[in-house]
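Undergrad: Residue numbers (full-length UniProt numbering), protein chains in the order written: chain A, 1 to 386; chain B, 1 to 225.
Just so you know, these hints were derived from the structure itself, not from any lab.
Heads up, the beta-carbon is just placed ideally off N, CA and C, and yes, glycines get one too.
Hints are supplied without guarantee of correctness; some may be wrong.
Chain B stretches covered by chain A per the calculated footprint, using a threshold of three residues with CB under 8 Å from any CB of chain A [stated by the list, open to error]:
{"no.": "1", "region": "5 to 16"}
{"no.": "2", "region": "177 to 189"}
{"no.": "3", "region": "194 to 204"}
Label-pair restraints from in silico Cβ distances [what the hints assert, rightly or not]:
{"no.": "4", "chain 1": "A", "residue 1": "K368", "chain 2": "B", "residue 2": "I121", "range": "24 to 34 Å"}
{"no.": "5", "chain 1": "A", "residue 1": "M41", "chain 2": "B", "residue 2": "F4", "range": "50 to 60 Å"}
{"no.": "6", "chain 1": "B", "residue 1": "D190", "chain 2": "A", "residue 2": "N45", "range": "46 to 56 Å"}
{"no.": "7", "chain 1": "B", "residue 1": "Q10", "chain 2": "A", "residue 2": "V110", "range": "55 to 65 Å"}
{"no.": "8", "chain 1": "A", "residue 1": "T68", "chain 2": "B", "residue 2": "A55", "range": "24 to 34 Å"}
{"no.": "9", "chain 1": "B", "residue 1": "L18", "chain 2": "A", "residue 2": "I31", "range": "55 to 65 Å"}
{"no.": "10", "chain 1": "A", "residue 1": "I30", "chain 2": "B", "residue 2": "S83", "range": "41 to 51 Å"}
{"no.": "11", "chain 1": "A", "residue 1": "Q191", "chain 2": "B", "residue 2": "F4", "range": "41 to 51 Å"}
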Amino acid sequence: MASNESAVLFDQPGPKGRKTIRIVNWIAGIIFAVVLVLILMRLHNPPDGENQLSWELWKPALDAEAWTDFYLPGLWATIRASVLAVIGAVVFGLLFGIGRLLPNVIIRAVSGAIVEFARAVPVLLLMIFFWRWFAFAGLPSPAYWAVVLALVIYNGSVVAELVRSGVGNLPNGQREASLALGLTRTQSLIQIEVPQAIYAMLPAAVTQLVVVLKDTALGSIIMYTDLLQESRRLGSMYFNILQTLVVAAVVYFIVCWLLSRLAEWLPSRMQQHTAAPAEPEPVAPIAIMDPSNVNQIAVAKEGVPLGGAQRLYHVHHRGTNASIHRWRETRYVQGYDETHPESQIEFDKNGKPIKDNPLEDLMKEAKKKEAEHHQGKGQSKTDRES
Amino acid sequence: MEAFISLFSQYDVPAAFLVNIELTLWSALFSMILGVILVMMRISPVASLRTVSCAYVELFKNMPLTIIMVFMVLGAYAQLKLSFSDTFATNFFWLAVTGLSLYTAAFVCESLRSGINTVPIGQAEAARALGLNFMQSATQIILPQAFRGSVAPLGNTLIALLKNSTVAAAASVATETSSLMSEMIEYRSDVIVPIFLIFAFGYVILIIPIGMLTTYLSNKLAVRR
Numbered sequence: 001m002a003s004n005e006s007a008v009l010f011d012q013p014g015p016k017g018r019k020t021i022r023i024v025n026w027i028a029g030i031i032f033a034v035v036l037v038l039i040l041m042r043l044h045n046p047p048d049g050e051n052q053l054s055w056e057l058w059k060p061a062l063d064a065e066a067w068t069d070f071y072l073p074g075l076w077a078t079i080r081a082s083v084l085a086v087i088g089a090v091v092f093g094l095l096f097g098i099g100r101l102l103p104n105v106i107i108r109a110v111s112g113a114i115v116e117f118a119r120a121v122p123v124l125l126l127m128i129f130f131w132r133w134f135a136f137a138g139l140p141s142p143a144y145w146a147v148v149l150a151l152v153i154y155n156g157s158v159v160a161e162l163v164r165s166g167v168g169n170l171p172n173g174q175r176e177a178s179l180a181l182g183l184t185r186t187q188s189l190i191q192i193e194v195p196q197a198i199y200a201m202l203p204a205a206v207t208q209l210v211v212v213l214k215d216t217a218l219g220s221i222i223m224y225t226d227l228l229q230e231s232r233r234l235g236s237m238y239f240n241i242l243q244t245l246v247v248a249a250v251v252y253f254i255v256c257w258l259l260s261r262l263a264e265w266l267p268s269r270m271q272q273h274t275a276a277p278a279e280p281e282p283v284a285p286i287a288i289m290d291p292s293n294v295n296q297i298a299v300a301k302e303g304v305p306l307g308g309a310q311r312l313y314h315v316h317h318r319g320t321n322a323s324i325h326r327w328r329e330t331r332y333v334q335g336y337d338e339t340h341p342e343s344q345i346e347f348d349k350n351g352k353p354i355k356d357n358p359l360e361d362l363m364k365e366a367k368k369k370e371a372e373h374h375q376g377k378g379q380s381k382t383d384r385e386s
Numbered sequence: 001m002e003a004f005i006s007l008f009s010q011y012d013v014p015a016a017f018l019v020n021i022e023l024t025l026w027s028a029l030f031s032m033i034l035g036v037i038l039v040m041m042r043i044s045p046v047a048s049l050r051t052v053s054c055a056y057v058e059l060f061k062n063m064p065l066t067i068i069m070v071f072m073v074l075g076a077y078a079q080l081k082l083s084f085s086d087t088f089a090t091n092f093f094w095l096a097v098t099g100l101s102l103y104t105a106a107f108v109c110e111s112l113r114s115g116i117n118t119v120p121i122g123q124a125e126a127a128r129a130l131g132l133n134f135m136q137s138a139t140q141i142i143l144p145q146a147f148r149g150s151v152a153p154l155g156n157t158l159i160a161l162l163k164n165s166t167v168a169a170a171a172s173v174a175t176e177t178s179s180l181m182s183e184m185i186e187y188r189s190d191v192i193v194p195i196f197l198i199f200a201f202g203y204v205i206l207i208i209p210i211g212m213l214t215t216y217l218s219n220k221l222a223v224r225r
């Protein structure tokens, strides 16, 4: 499974294979080193330009004033917008995600239409629209609110889908039990299913925080003074835009990378609170129109970094509409579950197991033994009688 | 109403969408090629190839697309004199395609990896037992099945790419939709909502067929095991 994909394609190489691998390793390493040196040489001596590696250009991009006057205020603006946008997105997502699950047809249709529309429109178009609109309406700081609102609408729609797939991935028993206790469908949804779905989707919400943080950089196009915009301003002051952009890129990378690691660590904590599998990146349902984000891809993981929770079952298409409410039956959709082989039973339409039941052989064998045992007993009895 | 129609004779909205579609198709082609190379490096037994591919994917996954686009124009073009053509428009178009392809390749690689993880180990073991070497088993056994298993995430990547092509505005591509919308709103601020809705529904109309096709193909092509 996902744990060691390198083992999928080749097994332990022999002495000859090891030698080949070592040689290829060196050749590839040398090629990458040469490419790196070529890039540095190009930076050192670009055609009719100045040396991009000189300290004169890097110093104003790195000194204390650059940080206190440009990068840190920019980073603060970026973080301020992303945190507000994430809070708003969770509220928006819960509202419309639950709306899409309610028994009322009209509420369901309206929230479905809103969510699908919000997922299909590019964030930049939303931002430009709100920016111009707020500016014409004379609101204070239109760029900031445009960035926040555009991100709330887009990421809220993603969260709505996460809520929906989180509820869909709960074992049927949760709903059946609450209905049996006399709760209505809506009560069961809001009191039993959605709270568990929220725990299951929290890691994904942290992953979404990375998307939000990355997308705030779009704000620089509408003149929001975020980290990117500040680094561009600094770069145009000292004519060292390349250097300031590199510094900003490194800052973005570190923040996003730390958040991604957090999203990988969270599932082990969240798994204790829910019957649904808490995954770092659950896949939103593939609806008729599925304009989901790139970051919604079920990203393959190598091992369990930082001792996260063991995956309960294979993730590939988990959460497609096909699997909702039939989560144990859709082995074909979800792949084979190594950790729970006993659950890997295929069912036919009537809900009867058809084949590949690992228990079946065991049961047959046990029955056979039992029959033999009885037969043996009977045999000896008859023997004795005769 | 008449003024509204004259707005459309003045600005060519379909042409702007065509620019976005062109950006998307070229970037899809190049990012697919780069993504396949990256995923082959990622699953190869050679440590240095794996490290480089891993570093590439981590780098571009945790980097805003906007900063890559800005870098393509202000860094790679203005400072390092990297250019594709003497015509400004063509040059910026290809710089945008480069930025989009570099960014999307990381996500194509991740999609294909999730597809590779749907291929049971038995397939690779059988390939090895038949005496196929790494390249043979990768290209003839694993990757064809991995492609079929990764249709859904690849479709999502394509949809995201189409939406991301609007960020080409940051790479000074002035003819694409977000720049045109900005221009039209500036010219006619009284009909700001209809203008936005026209562009928004343009994207909805483009994206619905891709989503439907993805869902159909991922069900049709999934390897039944």
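Undergrad: It remains to establish, for every hint, whether it holds in the given structure.
TA: Going down the list of hints, with the structure as the test:
Remark: the region 5 to 16 of chain B is not confirmed as covered by chain A, as 0 of its residues place a Cβ nearer than 8 Å to a Cβ of that chain, below the required three. Counting residues of the region 177 to 189 of chain B whose C-beta sits closer than 8 Å to any C-beta of chain A gives 7, which meets the bar of three, so the coverage hint holds. Coverage of the region 194 to 204 of chain B by chain A holds [criterion: at least 3 residues with CB-CB distance below 8 Å; count 5]. Checked against the hint of 24 to 34 Å, the pair A:K368 and B:I121 passes, with Cβ atoms roughly 31 Å apart.
The beta-carbon spacing between A:M41 and B:F4, approximately 56 Å, falls within the hinted interval of 50 to 60 Å. In this structure, B:D190 and A:N45 meet the distance hint of 46 to 56 Å, their C-beta atoms being roughly 54 Å apart. Taking 55 to 65 Å as the suggested C-beta distance range, the pair B:Q10 and A:V110 does not conform, at roughly 35 Å. Judged by the Cβ atoms, the range 24 to 34 Å given for A:T68 and B:A55 holds: they are separated by roughly 31 Å.
Taken as a hint, the range 55 to 65 Å is violated for the pair B:L18 and A:I31, whose Cβ atoms sit roughly 39 Å apart. Distance hint for A:I30 and B:S83: a CB-CB separation of about 29 Å, inconsistent with the stated range 41 to 51 Å. Taking the beta carbon of each, A:Q191 and B:F4 are about 49 Å apart, inside 41 to 51 Å as hinted.
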